[in-house]
Amino acid sequence: MKKVDLSIDFCGVKCENPFFLSSSPVGNHAEMCARAFDAGWGGIVYKTLNIESSFKIVMPSPRLNAYHYNDKRFVGLQNAEQITDRNIADNIEDIKNLKKNYPTKVLVSSIMGFNDDDWRTLAKMSEDAGADMLELNFSCPQMARKDAGHRIGQDFNAVTHFTEVVKKNTNLPVMAKLTPNITDMIPVAQCAKDGGADAIAAINTVRAITDVDINNFTPLPNIHGHSGITGFSGAAVKPIGLRFVSELFNSPTLKLPISAIGGIETWVDALHYLLLGGRTLQVTTAIMRYGYRIVEDLIEGLSDFMIERNILTIDELVGKAAGKLIDPSDFSTRFQVVSQIDENKCIGCGQCFISCQDGGNQAIKFDSETRKAEVDESRCVGCLLCKHVCPVWDCVSHKEVDTQSEKHAAIF
Amino acid sequence: MKNPILKENIERFESMRHPLSLQAGIKEANRCLLCYDAPCSKACPAGTDPGKFIRQIKFLNFKGAARTIRNNNVLGSVCALICPVEKLCEEQCSALALEDPINIGGLQRFATEYGKHNNLEKNQPGKRTKAKVAIIGAGPAGLSCAAELAKRDYQITVFEKEQKAGGMPAITIPEFRLNQDALNYDIQNVMDLGVEIQFGASISCKEHIEKLKNDGFEAIFIASGLTKALKLPLLNNYQNALSYIQFLSEVKNGQLNIDVENKTVAVIGGGSVAVDSANTAKALGAKKVYLISLESLSELPADDEEVRLAQIMNIVFKSSTQITGIENANNEIIALAGQEVEWETPGNYSPSNAVLVNHTQFKIPVDIVVTAIGTAVADELPKVFEGLQTGAKNCVVANNQFQTNIPGVYAGGDVVNGGATAVEAVSHGKEAADEIDRFCSISGK
Numbered sequence: 001m002k003k004v005d006l007s008i009d010f011c012g013v014k015c016e017n018p019f020f021l022s023s024s025p026v027g028n029h030a031e032m033c034a035r036a037f038d039a040g041w042g043g044i045v046y047k048t049l050n051i052e053s054s055f056k057i058v059m060p061s062p063r064l065n066a067y068h069y070n071d072k073r074f075v076g077l078q079n080a081e082q083i084t085d086r087n088i089a090d091n092i093e094d095i096k097n098l099k100k101n102y103p104t105k106v107l108v109s110s111i112m113g114f115n116d117d118d119w120r121t122l123a124k125m126s127e128d129a130g131a132d133m134l135e136l137n138f139s140c141p142q143m144a145r146k147d148a149g150h151r152i153g154q155d156f157n158a159v160t161h162f163t164e165v166v167k168k169n170t171n172l173p174v175m176a177k178l179t180p181n182i183t184d185m186i187p188v189a190q191c192a193k194d195g196g197a198d199a200i201a202a203i204n205t206v207r208a209i210t211d212v213d214i215n216n217f218t219p220l221p222n223i224h225g226h227s228g229i230t231g232f233s234g235a236a237v238k239p240i241g242l243r244f245v246s247e248l249f250n251s252p253t254l255k256l257p258i259s260a261i262g263g264i265e266t267w268v269d270a271l272h273y274l275l276l277g278g279r280t281l282q283v284t285t286a287i288m289r290y291g292y293r294i295v296e297d298l299i300e301g302l303s304d305f306m307i308e309r310n311i312l313t314i315d316e317l318v319g320k321a322a323g324k325l326i327d328p329s330d331f332s333t334r335f336q337v338v339s340q341i342d343e344n345k346c347i348g349c350g351q352c353f354i355s356c357q358d359g360g361n362q363a364i365k366f367d368s369e370t371r372k373a374e375v376d377e378s379r380c381v382g383c384l385l386c387k388h389v390c391p392v393w394d395c396v397s398h399k400e401v402d403t404q405s406e407k408h409a410a411i412f
Numbered sequence: 001m002k003n004p005i006l007k008e009n010i011e012r013f014e015s016m017r018h019p020l021s022l023q024a025g026i027k028e029a030n031r032c033l034l035c036y037d038a039p040c041s042k043a044c045p046a047g048t049d050p051g052k053f054i055r056q057i058k059f060l061n062f063k064g065a066a067r068t069i070r071n072n073n074v075l076g077s078v079c080a081l082i083c084p085v086e087k088l089c090e091e092q093c094s095a096l097a098l099e100d101p102i103n104i105g106g107l108q109r110f111a112t113e114y115g116k117h118n119n120l121e122k123n124q125p126g127k128r129t130k131a132k133v134a135i136i137g138a139g140p141a142g143l144s145c146a147a148e149l150a151k152r153d154y155q156i157t158v159f160e161k162e163q164k165a166g167g168m169p170a171i172t173i174p175e176f177r178l179n180q181d182a183l184n185y186d187i188q189n190v191m192d193l194g195v196e197i198q199f200g201a202s203i204s205c206k207e208h209i210e211k212l213k214n215d216g217f218e219a220i221f222i223a224s225g226l227t228k229a230l231k232l233p234l235l236n237n238y239q240n241a242l243s244y245i246q247f248l249s250e251v252k253n254g255q256l257n258i259d260v261e262n263k264t265v266a267v268i269g270g271g272s273v274a275v276d277s278a279n280t281a282k283a284l285g286a287k288k289v290y291l292i293s294l295e296s297l298s299e300l301p302a303d304d305e306e307v308r309l310a311q312i313m314n315i316v317f318k319s320s321t322q323i324t325g326i327e328n329a330n331n332e333i334i335a336l337a338g339q340e341v342e343w344e345t346p347g348n349y350s351p352s353n354a355v356l357v358n359h360t361q362f363k364i365p366v367d368i369v370v371t372a373i374g375t376a377v378a379d380e381l382p383k384v385f386e387g388l389q390t391g392a393k394n395c396v397v398a399n400n401q402f403q404t405n406i407p408g409v410y411a412g413g414d415v416v417n418g419g420a421t422a423v424e425a426v427s428h429g430k431e432a433a434d435e436i437d438r439f440c441s442i443s444g445k
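Sequence order for the protein chains is A and B.
Sequential numbering of the first sequence, starting at 1, is according to the numbering used here.
Sequential numbering of the second sequence, starting at 1, is according to the numbering used here.
Simulated from the structure, these hints should not be mistaken for laboratory data.
Certain hints may be false.
To be verified - In the EDC-like style, the derived pairs of lysine to aspartate or glutamate whose C-alpha atoms are separated by at most 20 Å in a straight line are:
1) Lys52/B to Asp71/A
2) Lys87/B to Glu299/B
3) Lys387/A to Asp37/B
4) Lys116/B to Asp192/B
5) Lys345/A to Glu99/B
6) Lys164/B to Asp181/B
What the hints assert, rightly or not - Counterexamples of contact, computed for chain B against chain A with all Cβ distances above 12 Å:
7) Glu121
8) Glu175
9) Gly216
10) Leu230
11) Arg308
12) Thr390
Glycine included, C-beta positions come from ideal geometry on N, C-alpha and C.
Extracted from the complex, chain A is given alone in its bound form (with noise of 0.2 Å):
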């Protein structure tokens, strides 16, 4: 059997695989974090240091928020969390004992600072430990300060300056990490760059109220009467994760690696983010859900994947989606889609027609005496709404035509 090679390197760091846990609470200690590895991740971005001295953390509570859609739980969670509220002591003496029993696995340092002084102090401390790279935290979207975490990723002049100031003081590679609450990330990624950046994470959580309790209307999670907008992750935010990491890869200028990052819980959306220019992938959601042990169904499926198609790194399938996004005013017009409904997988719900009579272009038939729908090709846009609400995945399907003309028009 043909083996694939699921290692990469990532700015001269070697890592066994591209599966990371990223930095929040499914790393917060040793303990933890050496499960991890034990169940087969290939590196841990360790929970972000504080200096406590300098700040002090205390956590809110309740700090999380589920969103449930429909019957189906968890589809996204939203938190009030905070950087570690462990001293630094404790975590420093955490990160050497995991890197001298955990020699090849990769152990990332995300940090924060309030001041210059802390940036360096955790920077080097960190490296003193024994990290194999530092991930510097410009993204928290709901810090106890307001001069701290998403907010100093919006301002990019901070981010190049303790970017600046860690990098002066370090020899590891440093990869900033940066919020999607903001127009256009490509900008302060150049910032991060400009200040010495070897790498970007993106993307942090995404502000966001998950619920409102209707009996008292008080937004969740409700911390002693109030609310707040606060980080949302996981399956939900998947595909703006997507767009900020395939933007910051095609980006001419930036040309940093990616370490991808939002809702990856398959092996299917951890080869989406390679494809769209992640190198390494950070997962916190999925395994706050479902656990460490998620990592071998991410491995085995995609290296069966890999096999499969006769790829045999992971750098062949890196970036390789993102070309072929382009800018929507640079779309062909010239073929058009027609729907083709199979009658023999059709079971006759009908919610294809229902679909295209109240939000298509009213060109599916219904005939009640047989339950089938039938495609009107003459009105058919190609809009393949009913492909979408079919209940049978493979029933719907469909076939191009050639207009002959970029200038071709909907005649109706």
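Please build the complex by placing chain B on the supplied structure of chain A, with the hints as guidance.
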């Protein structure tokens, strides 16, 4: 004052079919494909419209779902519990093409119970400004017709010979399948519409009809059902042989005066009432219960859910057999003799089509025999309405508009179709109400 063994078993059976929780209800509703032409809705005789109420549950409009059911089917809570859904709505479910059908009965119960427990507004009474209509029988057909006409402002009086409403389901269906709360809720909803129900009011002679006319009733709906249990002549005159109506109704009333505990009971019949009788006997503590049916196990006309319960209860199915004789002592049956049968013409399940199979004789010692081989219209009905056309089993002959041969006299439910489901009787009541409304409107009432 209920038999403690029965009470315990009722609780046990009820817990086996516990209602869907909020979580389970939402989850189940989200499996629904929300069909354009919901075949479940088309399959419901009473037009309960599961396609709509499941959509309402899915979109968290629980009270709306409860309203849909109540408006469309006056026995919505009852049907949720006793409908043979696997032969009606669920059999047509589109999801069957992909996976299990939607648990429509469960969702109907979910919605009706949600309404009941969450202050769903009461029905508004009709204005009672239109003609007086008499309804004979407060069973599914009668209540359904009464409700529809009351909503349209007719003055409705239901004459019920028993002391409670609900018809055969109320009298015979065991508590573990149909709880009294569900029945009471539906009946209260009908009464809230301004329907008057007179209990113990038997319409049993010509003079009663004369009086109705003199009292100004413009139309009559006969919905008196099938109240006469058919008997096997072989079993006549033995004191330990009961009809299912007597057995089940006395158990429900707490009036059964034979002891069933540790006894051997044989139930003859293969329909729902037979299986209900067998399960009830077992629930009363019977040592052994036989279900003796001409039909094979897969041919039993009883609902799947009842048969499943019977299997759990270790009822002994003597399927494809016939009783051929009895042994008696002191005016009691002490054993049944039987023999296996085959259908002479496959697919024809009438007793006359059953032929005995040689060398398959058996004998069962019994303490109690319950006959559940069918019912007929009460003997007095033809005498009440002079000239009323009747047919097989004394059933009233009515046309597609539920008209009898007597102008102004309509009939529906079991009394017409010879015994079918409650939900079908509800549909008769609704449709007959349309016709009675038309009749009264034309005659200017």
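Flag every earlier hint the structure violates by its number, smallest first.
none
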